[in-house]
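Sequence order for the protein chains is A and B.
Just so we're on the same page, the working numbering is the position in the first sequence counted from 1, plus 1337.
Just so we're on the same page, the working numbering is the position in the second sequence counted from 1, plus 1337.
Check each hint, because a few of them may be wrong.
To be verified - Derived Cβ-Cβ restraints for the label pairs, each shown as a range:
id : chain 1 : residue 1 : chain 2 : residue 2 : range
1  : B       : 1584      : A       : 1566      : 40 to 46 Å
2  : A       : 1566      : B       : 1430      : 30 to 36 Å
3  : B       : 1686      : A       : 1576      : 41 to 47 Å
4  : A       : 1630      : B       : 1373      : 55 to 61 Å
Claimed, not checked - Listed below are the simulated BS3-like cross-link pairs for lysine-lysine, each with C-alpha atoms no more than 27 Å apart in a straight line:
id : chain 1 : residue 1 : chain 2 : residue 2
5  : A       : 1682      : B       : 1664
6  : B       : 1612      : B       : 1594
7  : B       : 1743      : B       : 1682
8  : B       : 1612      : B       : 1584
9  : A       : 1690      : B       : 1584
10 : A       : 1348      : A       : 1386
11 : A       : 1682      : A       : 1743
12 : A       : 1664      : A       : 1682
13 : A       : 1612      : A       : 1584
14 : A       : 1664      : B       : 1682
15 : A       : 1682      : B       : 1682
16 : A       : 1348      : A       : 1398
17 : B       : 1690      : A       : 1682
18 : A       : 1386      : A       : 1603
19 : A       : 1594      : A       : 1682
Claimed, not checked - Here are a few chain B residues that sit away from chain A, every Cβ distance over 10 Å (derived from the structure):
id : residue
20 : 1577
21 : 1598
22 : 1717
These aren't lab readings, by the way, just hints derived from the structure by calculation.
Even glycine gets a Cβ: it sits at the ideal position worked out from N, Cα and C.
There are 2 protein chains.
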Amino acid sequence: MSEHSSLPTPKAGAGVVELLRQFEADPAAAASYGEECLKRTRAIEPQLKAFEFLPRDVTAKRGPLGGVPVAIKDIIATSDMPTTNGSAIYRDHVPDADAWVVARLRDLGATIFGKTVSTEFAWRRPGPTVNPWNPAHTPGGSSSGSAAAVAAGLVPLALGTQTLGSVIRPAAFNGVVGFKPSFGAIPRTGVHPLSPSLDHVGFFARRVDDVALALSLLAGTSADDRHGQPLPAFTLDIAQGLAPLAKPRLAVVRFAKWQRVEAEQKAVFEAVIDKLRANGAMVDEIALTDLDAVHWDAITTIMLSEATTIFSDLIARYPDRVSDVMKTHVESGRTKTAMEYLTAKAAQAAQQKALDADLDGFDAVLTLPAFGEAPRGLAWTGDAEYCAPWTFVGAPAVALPAGFGKNGLPLGVQIAGPYRNDVRALRVAKWVEASLAFDPGLPPLARL
Amino acid sequence: MSEHSSLPTPKAGAGVVELLRQFEADPAAAASYGEECLKRTRAIEPQLKAFEFLPRDVTAKRGPLGGVPVAIKDIIATSDMPTTNGSAIYRDHVPDADAWVVARLRDLGATIFGKTVSTEFAWRRPGPTVNPWNPAHTPGGSSSGSAAAVAAGLVPLALGTQTLGSVIRPAAFNGVVGFKPSFGAIPRTGVHPLSPSLDHVGFFARRVDDVALALSLLAGTSADDRHGQPLPAFTLDIAQGLAPLAKPRLAVVRFAKWQRVEAEQKAVFEAVIDKLRANGAMVDEIALTDLDAVHWDAITTIMLSEATTIFSDLIARYPDRVSDVMKTHVESGRTKTAMEYLTAKAAQAAQQKALDADLDGFDAVLTLPAFGEAPRGLAWTGDAEYCAPWTFVGAPAVALPAGFGKNGLPLGVQIAGPYRNDVRALRVAKWVEASLAFDPGLPPLARL
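Could you build all of it, start to finish, from the sequences and the hints given here?
The structure is reproduced here in structure tokens:
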């Protein structure tokens, strides 16, 4: 231990795997890192507004994630911190039990660092969080605080959820890595449901290695989540990191909506393709016409039907504590018929299967995470249309930072893969990350 | 082999396990048994009308079910025989592939003996099959032909399906053993769907050992059936048979509908309880009030919603080849909302879980399979209300013959257990079967 004070101190913006390597060499760094993060957060939080709740102090524990602060989206239950679900109804609510994924994090020695701002029940009404690259812009949502907190270097890892585009979109808008594993990979027990056929737990981090590590440690099953589909077990060697899948075969998917993509986002995408080709990737365009045609109507039908069923009683009991936008959505969900819902569910199963065949001969899809930069203003968290196809079929999806737009806000790309091929999608993303060698750095709001 | 001609020839009404023991001692009996059954069937079939299709000849194969004729409900696909689904639309339809369960039967050496009459798509419009105990009465449905064929001693085993009460009810009406395993135990790949959240493959046989053997050999999973929930593997020792669970703790469930039960059925039920108590069973009454209150509305909502989604296109394409009763049901299914459907699905999951707790301290439920004897006439296959609670929660359920009603038609009892406790339910049923020592014998129509 005599040398530990000469080792470098972990810095804001360090990744989880990078930190774990440092903590192994310097246990004192692990013991103090959480408090350093808390101090930084207290300085930046008044402007960023990423947290619903921060603990007074944090104590590092031992374990595979010992000393790693993890921020938790506030629709995920914590037994020792309030869980507001982004709703006034739950303002003072402290759950009786941790969510499955929080309990697992504690078992792994992670420091439960605080609760991050979510839109109301992870649906439409935004919270107060700003985009750390420009506080006049939305951070995206619904996992607004988790994305912004990682982007600002306050925590190296944060939990989010995605039902439509709530991990991939804010990750892209904040210039961080976002990962939504295959549907069913991580139990949602203790996560407030929005649409159980679509709700995924996902991660925000600064490196592909970090979200891969999170998947390796947090994938599992719970008897209380009937939608579980356990992934093949895999472990990540901290010393080695994830093995990149070099020179992958990439299927570029633009969808019909490509015409509405911002010019700078298009330019970044083409530059990415050129760079990956130059580094040896095989890149072909594919259309996925059927998925493109059916997914939006089907995913919104499933989501409205399920959310309406979940929230009707709550709205009836607390009409004054629910936003008008949520009431309007729930009303429209009441008009869905069982046949419309079941037809959409059948399309979901069919498209999930079809994607396997469509991606035969490819390692992954290369597409966009969003139409461009985070929109100006905080009233709208942005468009989820580029995220929705992969959420619909439960495919693994990774957002990677890839450039900046005309307002200086981040732009990204998205890697997706066939259902339950999470590790391959992550290995492709690792290679793309290395090929692009693009680090957006810390945003202005975080440069203390 | 010199002695085999002195061994007894298997008789009509022999059970599967009994036959397999004989076949082991006398392979020639295995080789000829299928043809003997076919000869008997040809003699009785003009009155019974249990089969949609019979092959010209049958050939015994080797395997765990070598030489055992198995009749297949005609909504289950066979690549070498027509599969009408009980519908004029499919009158000349021969599927490209066997259903999963038929392929498994062939692998086991079973003789695919023919296709049995189903109501139209296993729903309401009956086929021509009569009750072998009295041809003026329904055999029940929808697995009408399978139940009648086993009752008449034409085959020792038949496949059926149950979505509401289509195995347990006809088993009781025909005086045979019926078994509906836990939901998800047997893949429905290649079985025409009626309501995928409720459709179960089940069996008709003459002994509890036989349906237990069928479960041990036919349980499994298929990638094409997303509702699979594999049971713990178990094997049945042919020489030993299933070990009875002696002196079980039985929960008697009568439900509010008990007041509508026929007097003779009530008397048989009380006599069964007395006999089981006398033999050492612990018998207590329980109410299952919540299940009783919610199951019927919920199961019919699920079934109508899913069936309407499945059959709408078919009815639009072939309006003249679909019964009026089916059209009426599908029309009523169109009025179900997504929220009604999802509320019913949530109740299904909640009641399945609640039953585990309600049956804590018990080995199985003892209840009725039906209100009494098979109704007179062929227009209506009878009431499924005593079957529906167990189908709703996916619980294993066994029908056992227990007596006769005032018209000389069979009466039964039903053993049910918590979800996925199939072997325990069967072991209880084996003990009840032995305790009752009731063999209805062959029905008049089968006494050649």
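Hints, one by one, checked against the model:
1. 1584/B with 1566/A: 40 to 46 Å: 41 Å Cβ-Cβ, so the 40 to 46 Å window holds.
2. 1566/A with 1430/B: 30 to 36 Å: Holds - the Cβ-Cβ distance for residue 1566/A and residue 1430/B, about 33 Å, lies within 30 to 36 Å.
3. 1686/B with 1576/A: 41 to 47 Å: holds (44 Å)
4. 1630/A with 1373/B: 55 to 61 Å: Given range 55 to 61 Å: holds, Cβ gap about 57 Å.
5. 1682/A with 1664/B: holds (23 Å)
6. 1612/B with 1594/B: This hinted pair holds, its Cα atoms lying about 24 Å apart.
7. 1743/B with 1682/B: violated (39 Å)
8. 1612/B with 1584/B: holds (11 Å)
9. 1690/A with 1584/B: violated (49 Å)
10. 1348/A with 1386/A: holds (21 Å)
11. 1682/A with 1743/A: Violated, at about 39 Å.
12. 1664/A with 1682/A: Answer holds: residue 1664/A to residue 1682/A is near 24 Å, not above 27 Å.
13. 1612/A with 1584/A: Status holds; Cα separation ~11 Å.
14. 1664/A with 1682/B: Holds, at roughly 23 Å.
15. 1682/A with 1682/B: holds (14 Å)
16. 1348/A with 1398/A: holds (19 Å)
17. 1690/B with 1682/A: Distance ~24 Å between residue 1690/B and residue 1682/A Cα, so the pair holds.
18. 1386/A with 1603/A: violated (31 Å)
19. 1594/A with 1682/A: holds (23 Å)
20. 1577: holds (33 Å)
21. 1598: holds (33 Å)
22. 1717: holds (26 Å)
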